[in-house]
Structure formats: structure tokens, C-alpha cells
Amino acid sequence: MTDTTPMPPLRIAIAGLGTVGAGVIRLLDTNRDLVRARAGRGIEVTAVSARDRSKDRGVNHERFHWEDDMIALARRDDVDVVLELVGGSDGPALALARAALDAGKGLVTANKAMIAHHGLALAAQADKARAPLKFEAAVAGGIPVVKGLREGTSANALDKVYGILNGTCNYILSEMEQTGADFAETLREAQRLGYAEADPAFDIEGVDAAHKLSILAAIGFGARVDFANVRTTGIVAVRAADIAQADALGYVIRLIAEADVRDGALLQRVRPCLVARDHPLSSVDGPTNAVVAEGNFSGRLLFQGAGAGDGPTASAVVADLIDIARDEVGAAFSMPVDQLVDFPPAQPGDRLERTYLRFTVNDRPGVLAEITAAMRDADVSIESLIQKGRNAEGGEVLVAMVTHEGPERSIAKVLDLLEGSDSLTAAPLVLPILPN
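The opening residue of the sequence shown carries number 1 in the working numbering; numbering runs sequentially from there.
Hints were generated in silico from the structure; no laboratory data involved. Remember, it's a predicted structure, so these values are computed and weren't measured experimentally. Don't be surprised by glycine CBs; every beta carbon is placed ideally from N, CA and C. Mixed in with the good hints there might be a few duds.
What the hints assert, rightly or not - Once the Cα atoms are required to be at most 25 Å apart in a straight line, the calculated SDA-like pairs of lysine to any residue come out as: (1) 147 x 32; (2) 160 x 300; (3) 160 x 404; (4) 160 x 352; (5) 147 x 104; (6) 128 x 78; (7) 413 x 329; (8) 160 x 265; (9) 128 x 98; (10) 160 x 298; (11) 147 x 329; (12) 160 x 222; (13) 160 x 278; (14) 55 x 310; (15) 128 x 330; (16) 147 x 34; (17) 160 x 405; (18) 160 x 409; (19) 147 x 224; (20) 128 x 92; (21) 413 x 382; (22) 147 x 55; (23) 147 x 331.
Stated by the list, open to error - Estimated spans, in silico, between C-beta atoms of each pair: (24) 297 x 425: 45 to 53 Å; (25) 336 x 405: 36 to 44 Å; (26) 32 x 280: 35 to 43 Å.
My request is simple: use the sequences and hints to build the entire structure.
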């Protein structure tokens, strides 16, 4: 005989009523019947907490219990799952996460910094408490890439995970392509339009993408989260001239986060790269995110969509809640914490790649000979060379080169040989060419 007794609703508390928190409430109000049907029971907000109770957030939060101290959410008897939507790697967000799991509550978060820095400890705590820990919204907004890697590719050994994980950088680079404007001007416009924060350092220096990459690497390769060993280079040094030169060569420039495991070592890095126009990532523009996973049986998989915003991020948060309501949880990082591998960081000097090199030099005889001599001594073969005319603001000349494939350590040797040269007026720009 089938038990037809309705399941009680999943009761949730929300800490943080900003863009995402308010978006979750709106989604649950709008799609209430659909969510109930897919979850097998209702999902109801019972309590909330935020800094300012009087602030108008575009949703009615007066129908929920209010807690001035968000840690109190974790102690409530009418809460099954706590949503941490406050942000920050430490401080109140981490205190709430620990309190929720300590109380045996489920925890859903969109906080990539906290998961990158403390995800292993939180996952261990969740395992001990037999409580779910979910963070789909922490990586790539509304794109179900965490679920895709944790579940969809779970039967595969992944060769590589890489992609565009920061919408701010992608917007800036694609706008530079469209307008021909330089970096600083495009950043100011991105800030005016709300695509970049007032302090954009985490985005443009690659830290935000590095947080997300460390999470994807842990899920994709069964690795312990290792944010500290992500090699990170941002996009600040990319000029309009580099964008134009890449275009002339048949490429676009994108900030690429990539991870793989070779010979028992984990490589994780974020850096701007030249991407060929026939590569699937080349058409990803504006604030869009995209992730490519290459499995040994699945082949190449592409996940693409909105990487931020109230709707996409709220969608990812509620998808986690639906999984919890269905009791479809599993290990936070695709396998129990004690089975995750502590890979040593890879040293990529022997890896082969083609490279775009741009030098900003004084316009005087012998400079090009000095650069090409350094290339010769480092055993770097030049595929093509482009020399731009004198900068209108002074006597600088741009010299750009594309190398044949060679070991990464050879490019590092070129830079060492030219270190301190009075021919160079700025640090060289090194942009690897992403293989197809």
C-alpha cells in the first residue's frame, strides 16, 4: 500500500537580503507550485536576517520571522536549511556556516570565497553532522556546472577543466574589442553600468576566478581544495593594441581559468589568453560565463550562461534546495573529504605552448636585436613579429611576437634575460595561446 501522506515542507532561513536573497524570495513566490511539484514538497521561508530591517528590498519580508543576529537562524527549531547569502571568506558568513552545520542544519551558500578558503573544513563538519552542504551558486551563477561535474561527469576521468569564470573581466575584454577603447576607460564604463564593483581588484586581478577554479578542480579531480596554489594573473596589463593585434591574428583575448592533473600534480591557473575564433570560448562575450570539461568518455562538454545576477544566482540556490528536499545530496566535493587527494602543485615549465609576447620599448637602434638575441639564447623560435609605430604620447614602440610551440620555461628565461634592460619601458606582456 502506497503512503500518500504529504511530506512536510522544507523550512529555510535566509541570511542576507541583498540581490540574491531577495531573488530567492521572488523565485519561490513566483514558481511556488512548480518548485513544490519538482521537490516533492513545499519549500517555505520561515526566518530572515539582514543588516537593516527597514530597507526596501522589493519583496515583503515582514511575513517571516526576523532575527537581528543571523547566528540565531541556526538555532531556530523551525529551520531545516540555512541560506548564507552574506558573502566574505571569514567573519559573520563563516560563523553562520559553522553554527548551522553544528546544529545539524543543511547549509546552502553562494559564497565562493568561503568555500575556496574553508570548504574542506565545512565539508568535514557536514559529513560529521550528516547535514547537506551545497554551493551550486558559488561558481558561474546560474550555470549548473557544479552539478554537471559532480553528477553528470561522475563516471569520467577528466582530462581538463577550464573556462571563463569572471563576468566583469569578460565584459571589459569584449567591450575593448567592440569599441577599441583602452582598459582604464572600459573599466570606468563597466563600473558606471554596474558590471564592475567600485573596488574591482578581486575581479580584474583574477582572484574571483581563482576562487571558483579551486572549487571546480576539487570537484572535477577529487582534489582537496587548494586555492593558495592557484597561479593568478589578471587583465590590467592588456592594452587596446593587444586586442587589435589578437584580432588581426585571428584571436580574441579572454581571461581563462584552467586546471588539470598530470603526473600526479595539480595545475591551477588563471591568466589572459589568446583564444582562436573557432574555439567555443571565443564567442562568449559580455558578462557571460562558460566552462569546458573534457572527460575521457564524455568528450568535450560546454556549460554556458549568465554568471551573475539575482535571477540566475537565485535559480542555482533554489536548485540546491530542491535537491535537499528530495534527499538527493551526496558528498559536497563529489566524494567524502577523507578520500580527496592532496595533490602537489604542478610545475609547468616543461609544458608546451605557443605564446604571444608584447614588448614596450624605446624607439632606438638595437632594441629589436636585443630582444631577438634573448629569444635565441632562451631557445625560443619566433613564428611572427609585428612592430608598431611610435606611440603618439612619446618615444615608445610596441613589438609583438608569436612564438612557435615550446616549453614554458623558455619564455620565463626570455623575461629573465631582459630583466632590468633600459630598452624596455614596461614589463612585457605574456599571453599564452589556448589550444583548440
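For this session: May I ask which of the numbered hints given earlier this structure violates, with the numbers listed in increasing order?
Result: 7, 22
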